[in-house]
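Q: Let the sequences and hints guide you as you build the complete structure.
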Amino acid sequence: AWTNDGRVVYVSQASDGSNVWVWEPAATSPRQLTLDARNIHGLAVSPDGRYLVFSSDRAGTFNLWRVEMSGAGLTKLTNSDGEVSPRFSPDGRWEVFQSGYQRGGTIWRISSEGGEPVRLTENRAQKPDVSPDGKLIAYYTLDSESAPIWIFGAMPFDGGRLVKTFTFAPTGVERLVRWVPGGWGLAYV
Numbered sequence: 001a002w003t004n005d006g007r008v009v010y011v012s013q014a015s016d017g018s019n020v021w022v023w024e025p026a027a028t029s030p031r032q033l034t035l036d037a038r039n040i041h042g043l044a045v046s047p048d049g050r051y052l053v054f055s056s057d058r059a060g061t062f063n064l065w066r067v068e069m070s071g072a073g074l075t076k077l078t079n080s081d082g083e084v085s086p087r088f089s090p091d092g093r094w095e096v097f098q099s100g101y102q103r104g105g106t107i108w109r110i111s112s113e114g115g116e117p118v119r120l121t122e123n124r125a126q127k128p129d130v131s132p133d134g135k136l137i138a139y140y141t142l143d144s145e146s147a148p149i150w151i152f153g154a155m156p157f158d159g160g161r162l163v164k165t166f167t168f169a170p171t172g173v174e175r176l177v178r179w180v181p182g183g184w185g186l187a188y189v
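Letter 86 of the sequence shown, counting from 1, is numbered 86 in my numbering, and no numbers are missing.
Errors might be hidden in some of the hints.
As the list claims (entries may be wrong) - Pairwise CB distance ranges, derived in the manner of DEER restraints:
(1) SER15 / TRP184: 24 to 34 Å
(2) LEU35 / VAL163: 39 to 49 Å
(3) SER80 / VAL189: 27 to 37 Å
(4) ALA26 / SER80: 32 to 42 Å
(5) GLU68 / SER15: 18 to 28 Å
(6) ASN39 / VAL163: 14 to 24 Å
(7) ASP158 / ASP16: 36 to 46 Å
Note that these hints are calculated values from the structure, not bench results.
A virtual CB, placed ideally from N, CA and C, is assigned to each residue, including glycine.
A: Right under this line is the structure:
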């Protein structure tokens, strides 16, 4: 993930197990942000560059954790079973994520300060991404109205049905959908 000031945040096993590191353009070497993060399944940097949210199984199951970019103030944000793929809203107030990693998942959101998560989808939904204007959330799912075909699209930020859908190519293996800069469209593999 990129920070707004040009740093790169990434996962590496350069130390003892998977941890989050940051590389700064002026630095001679990267700096480790987490200790004993274990397995990491997604990370996101807040729009103001103050926080990093990542998914880790350090407590026995995948949950979302927030840490300051200095590496201080580690806080567990979620307590359910299998929260992955975190994405910040553009204003930094919300974290959108997938819950139910092993079961196919649904999309939820939680305040970046913590609290009770809110479920946004009823049907299977995976790997969300928030539009640059904060009005839509893109994700992918299995089309429930036809044969098992993987589709993607976007729903309103407060949840609901997909407002527009597209079909992945049948040869696609990695299903990942992201908003393009400016928010005028979706990019996918």
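Q: Starting from the range 32 to 42 Å, see whether the pair ALA26 and SER80 falls in it by beta-carbon distance.
A: Since the Cβ atoms of ALA26 and SER80 sit about 40 Å apart, the hinted range of 32 to 42 Å holds.
Q: If I claimed the Cβ atoms of SER15 and TRP184 lie 24 to 34 Å apart, would that claim hold in this structure?
A: violated (40 Å)
Q: Is it true that ASN39 and VAL163 lie within 14 to 24 Å of each other by Cβ?
A: 34 Å Cβ-Cβ, so the 14 to 24 Å window is violated.
Q: Could you say whether the range 18 to 28 Å given as a hint is met by the Cβ separation of GLU68 and SER15?
A: holds (19 Å)
Q: Does the Cβ-Cβ separation between LEU35 and VAL163 fall within 39 to 49 Å?
A: holds (42 Å)
Q: In this structure, is the beta-carbon distance linking SER80 and VAL189 contained in 27 to 37 Å?
A: Holds, since SER80 and VAL189 (Cβ atoms, about 28 Å apart) stay within the stated range.
Q: Assuming the hint says 36 to 46 Å, is it satisfied by the Cβ distance from ASP158 to ASP16 or not?
A: holds (42 Å)
When each numbered hint is compared with the structure, violations occur for hints 1 and 6.
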